[in-house]
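First to last, the protein sequences are chains P and D.
For the first sequence, the tail end lands on 764 under my numbering, and the numbers increase by one without skipping.
For the second sequence, the tail end lands on 764 under my numbering, and the numbers increase by one without skipping.
Since the hints were made in silico from the structure, they are not lab data.
Keep in mind that the hints are not guaranteed to be accurate.
Where chains are identical, the list cannot tell them apart; a pair therefore holds if satisfied intra-copy or between any two copies.
Straight-line C-alpha distance at most 27 Å; calculated DSS-like pairs for lysine-lysine [unchecked claim]:
1. Lys-650 <-> Lys-158
2. Lys-318 <-> Lys-297
3. Lys-329 <-> Lys-692
4. Lys-719 <-> Lys-318
Each chain is listed here by its residues.
2 protein chains.
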Amino acid sequence: MATVSDVTVSAAINSLSAVLFLVAFAILRLQPMNDRVYFSKWYLKGIRENPKTSGPFIKKFINLDIRMYLRFLNWMPAALKMPEPELIEHAGLDSAVYIRIYLLGLKIFIPIAALALSVLLPVNYTDRNFEIMSTKVKDLTFGEMDKFSISNVPPASKRLYVHISMAYVFTIWTCYMLYKEYKTVTDMRLHFLATENRRPDQFTVLVRNVPPDPEETISENIEHFFRVNHPDQYLLHQVVYNANKLAKIVNQKKDLHNRLIYYTNKYERKHDKRPTTKTGFWGLWGTRIDAIDYYTKEIEKLSKEEVAERERVIGDPKSVVPAAFVSFKSRWGAAVCAQTQQTRNPIHWLTTWAPQPRDVYWDNLAIPFIELNMRRLLIAAAVIGLTFFFMIPIAFVQTLANIESIEKVVPFLKPLINKGPIKSVIQGFLPGIVLKIFILILPMIVMAMSKIEGFVAISTLEARSAAKFHLFLIVNVFFGSIVAGTVLQQLEEFLNQKPADIPRIIGVSIPMKATFFMTYIMVDGWAGIAAEILRLIPLIIFHLKNIFLVKTEKDREEAMNPGSLAWPVTEPRMQLYFLLGLVYATVTPIFLPFIIVFFAFSYLVYRHQIINVYNQQYESAASFWPDVNRRIVISLIISQFLLVGILSTKDAVHSTPFLLVLPVLTFLFHRYCKNRFESAFRRFPLQDAMIKDTLEKATEPHLNVKVYLRDAYIHPVFKDVAVFDDFEDYEYPLVATKRSSRNGSQIGTDQGSPSVDLTSISIV
Amino acid sequence: MATVSDVTVSAAINSLSAVLFLVAFAILRLQPMNDRVYFSKWYLKGIRENPKTSGPFIKKFINLDIRMYLRFLNWMPAALKMPEPELIEHAGLDSAVYIRIYLLGLKIFIPIAALALSVLLPVNYTDRNFEIMSTKVKDLTFGEMDKFSISNVPPASKRLYVHISMAYVFTIWTCYMLYKEYKTVTDMRLHFLATENRRPDQFTVLVRNVPPDPEETISENIEHFFRVNHPDQYLLHQVVYNANKLAKIVNQKKDLHNRLIYYTNKYERKHDKRPTTKTGFWGLWGTRIDAIDYYTKEIEKLSKEEVAERERVIGDPKSVVPAAFVSFKSRWGAAVCAQTQQTRNPIHWLTTWAPQPRDVYWDNLAIPFIELNMRRLLIAAAVIGLTFFFMIPIAFVQTLANIESIEKVVPFLKPLINKGPIKSVIQGFLPGIVLKIFILILPMIVMAMSKIEGFVAISTLEARSAAKFHLFLIVNVFFGSIVAGTVLQQLEEFLNQKPADIPRIIGVSIPMKATFFMTYIMVDGWAGIAAEILRLIPLIIFHLKNIFLVKTEKDREEAMNPGSLAWPVTEPRMQLYFLLGLVYATVTPIFLPFIIVFFAFSYLVYRHQIINVYNQQYESAASFWPDVNRRIVISLIISQFLLVGILSTKDAVHSTPFLLVLPVLTFLFHRYCKNRFESAFRRFPLQDAMIKDTLEKATEPHLNVKVYLRDAYIHPVFKDVAVFDDFEDYEYPLVATKRSSRNGSQIGTDQGSPSVDLTSISIV
């Protein structure tokens, strides 16, 4: 439908905006005042400090060195320079493997593109289906783009064998690269796990749904159970408190604290007038009063509440949740407990590996286990609802994309939008943007859903959100865009088609949608990634905080929001590009360079961000890779079925069985990979645990594991360090060491008494 | 199609043959000479001995007591008398739970039948669809049977709401009974496991795919690995030899031995002439020679071969398979090892619970692990092939069932087969018989396939065979019979139907096939079960052996073939009846009594057989129950979908969403059961292991587990007891004890050396 010039205009617009973002970034990052926004990772690591300049005061904020501006693309080679082992050391394995996915995209698509452009493109372009068709059917108009696609090959042409054999080559190549990558990532993970430092979660198991015992407290019950059933290995346990209300109070207090600082700062700057506020919601209405006094009082009130609640939580046996973090004397003991079933009733005494302390999502630990199934069921229904009701707006977007239908609906706009460049803009730019806005709201909904499901680790929450988002993207953005306007407007009509006709209908639509997806890639993949590196929103927030809230160096550190990879959004997004690339590789080869630019550019940008900015909340040692691999395989299989549909529109039905071999082979490949590699991502083998244990015993014979583990899994609100400190968790080994040195004398069993050391909790 | 009289004739024939079988059984079982055939279980238990009669010689073979013949149905109450705990003690949990499946059938279908016959039958019969139809369409003829079915309710009738609500009631009742039964069986299993005696498999794990080590033998490698990674628990291991060739020689020898005995007996009876035989195949051709000399020589030759092969196997390191039975000091240690992953590479050092020694299928232990995936893949393809190519003969059977088509094909038979009773016989009897013959061959094919798949336990082989057979029965007997003749004759035509029409096509066919399935039940379910109790084939074989081969009391014991439950055949068969019952409950309620008679009669017969005859090869502690439960749930879901199809033929399409709730709810019920109960059948919880260990330590403090386990997992051909003895394994604890008393002094590690005690192997 769209012409080459439509795509060219769109490409121009999007490339221009990408370049603009990059220039803005290049300038902004050189300003010392933005240093903490663009180099936050280094600040967090304590390597970089506030730039010290001996020159004039202005130099503290703005870089006046002209030479540096000339090298504004300097960050690109810098981003590529750090070797991978150093990158793992610097940013963790999750991040290092994450950018390998982009690299995998390049490894898959560059050879495919080379082959497709040199073989399939000439095959398509030199054929003459459109010439034939346009002589036969008068009204039919084709975009020039379609000349590069399979649409230009007439039905039952011998040339289609080229496409079929290419499908085989592409499948084999993709599977080969997937296998190689899975193997590499598995090795990286195992090496990482083998070499990583001692961490509390290596020794700890989360036990859930402890059955009630009328004669013992939960803590006693847990201790007795593990003393009996893991007699040689049990070390200690940490009960879990339902401290959600306390956490809420602490958060409220933090908020009030910020306001107090804001008004104090204001007062310090202008000593003439004490700042005032109103008592109502957000200070918008109510009586006007002195702000500093008001917030000081409010904070005092909340502090008292906090103390009372803290005492209630620790004192009340009902606030102890029937779950606990149970630690063992060795990694071997923990591995055994995590992998075995404890009792007859499979829903009692459930043991799983404990997440890292910083990865625990504390709010969900208090959910009764019985509720979980019901919650998951409800969310499953909600996800299906969300996935299929979003169809409606997407279908609407699709009608926008079709300029002819706009003209029909609003005929008076016809003279305006029919002018060359405007038409191209609408055709090429608008639909992508509208779709993008829909998709921007979604991650929050999806994350909220995952939280309701009740998983207890942030990493799991993110993985579940990614799965939901991926389903959504495939159903709505991919299939929704392809099918809308042809069949799905009426589901009933669809069901009344002969099953043999469904692939045919989709097959007709796919080549026609190539330009739409090209535009989508340019908006979402090119300009969107360039916007990512600019970090406009964190930049603005940092400066606002800097002006209003920051007093001390510590405050400034808190004002930084380094962010993280946003796994639940970015991974499904790149899966969409894998899908698009694999589908269009045989259909419209000219599509592939767009995909390659996306992967290359993203690789560069995210490598830079990981080195300089992001601070991961947790380290899962690439445990997400089986998901990544599975989704690429799913994309591959979808692309194979769609090719069957496309060829059936070309009167090449006899090729169907030949093509149906491909998904079967691909599925077998997937099973093989799963059997061969997946368990390395799910379980921790006893041999590895034993090696680490033995090594540790040899190198640190006097290590007191009990002291090390004692307070590792205390709810953050009970920690004596400032709860306001978001990054405190990040340095947890230090925290544990700090505390353990004080508790060093308390070794021995404190049977029955809650393990939280009440005296050591300093009320902030 | 069929008339009431057709069904009546068929019922009469089948009831009559069932009664004849029963009478024959009642007479034969009273004859002392058949005692070992009909009471083999008691002989095996050593409780019953050869009947001693003081009267005339004839009394030793034939019972002359007239009074006993009068009470010829005596076995029925006797079969019911033994209480369940005693039954478990007597025949094992597998058997006791097996007959509970028939009881479950009764529990499900008696209330359903009561409700269906009192509510649905009047609703159907008092309607008048056929009256209306026959006035409209002239050629249309309905059987009287159809008046009792849903077919007699006209389209869009309000009466259909009765059927829909009944579907809900039936589903809820079935699920409720399934849940109760699952819970009961789980409790029975756990109680059984908790109270059962010490068994070698409780302490033992089968480790497979031991990676090769250039510096160590397999045995050394295994010992080192477990000493390092399970230091406190590892006790000993038993390597596995590839003794398949040796086993073959032993079997050949056994065969020749039988022939020798046959000729010796012959010679002893008639001293005038030494028996001769021919050297060719089966003694059918070749030179005529003296039989006794010939076989004595042949046996000597084979004995030498056996000794050579035995030495080769034990001496050659290449005959050691990279697998072993590893035993631990406690059940806890074995449970840990069986449930955990040992090394990084998930396909090395694979550990699973060892099957019972008598359950091990030794031939498959030698299959290289790498081959297994390929084998399973091939068999999966073969199963699909088998399942779908069997369609063709089944479709042929269906044309036979239709008497009109016979008349068309062979018109000269018309006068013959159109005579009233003959027509009824053909209509009612033949199709069932033909189908039955097909199905009789199948279990062997299916078992051979399972063996190729390479599972190492007989119980697993049987479970896998049952799964294949179940798939076959559902696809071919059930759907094949329903669909054949309407759509499946041409698969292409089927694919070209609108998807919405497929349920409609099946829906039309189901009520029409009711009489066919009634006949099928009577042939397969009534007469077939009665034939089971008669044990005609084992009876004949026993007497043949008795005449030709038996010399000593021990020979006579060997001549008995008590048989076992034939799980791979009987379980899928009863699943077919569950399916038929659930499908026809709402459609043709008059169908249900036939099902109930089947379940009641089978319960009686199998309870009798289990008490008096069968000797199970293994005891899995009812580990098959999850399969049983799942398959009944599958039947339930199939029946729900079919009801949707049936109602769509009644212009009640608006009821579809209302009915589609049912399969969803049923599936959720299944998930719930699975989560709640299944792990009790798959894993052995650590707490239970610990309890048993502790108890044992307290009651038998001086038990030497090492001695107990030492020879438990020796290949049967290496055992010093006669390998000809099929039942030797059954008493394995005695065997182990016998040996252990001799090996008692050898405690200590025999590192590296094969654990088979060469000196103790006495060559038979």
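Hint by hint, here is what the structure shows:
1. Taking the shortest Cα distances, Lys-650 and Lys-158 sit within 27 Å of each other inside one copy (11 Å), while across copies they are farther apart (49 Å).
2. Neither within a single protomer nor between protomers do Lys-318 and Lys-297 lie at most 27 Å apart by alpha-carbon distance, with minima of 31 Å and 84 Å respectively.
3. Taking identical chains as interchangeable, the C-alpha atoms of Lys-329 and Lys-692 lie at most 27 Å apart whether they share a chain (13 Å) or sit on different chains (24 Å).
4. In the homo-oligomer, the alpha carbons of Lys-719 and Lys-318 lie at most 27 Å apart inside one protomer (21 Å), although the nearest pairing across protomers, at 61 Å, exceeds that limit.
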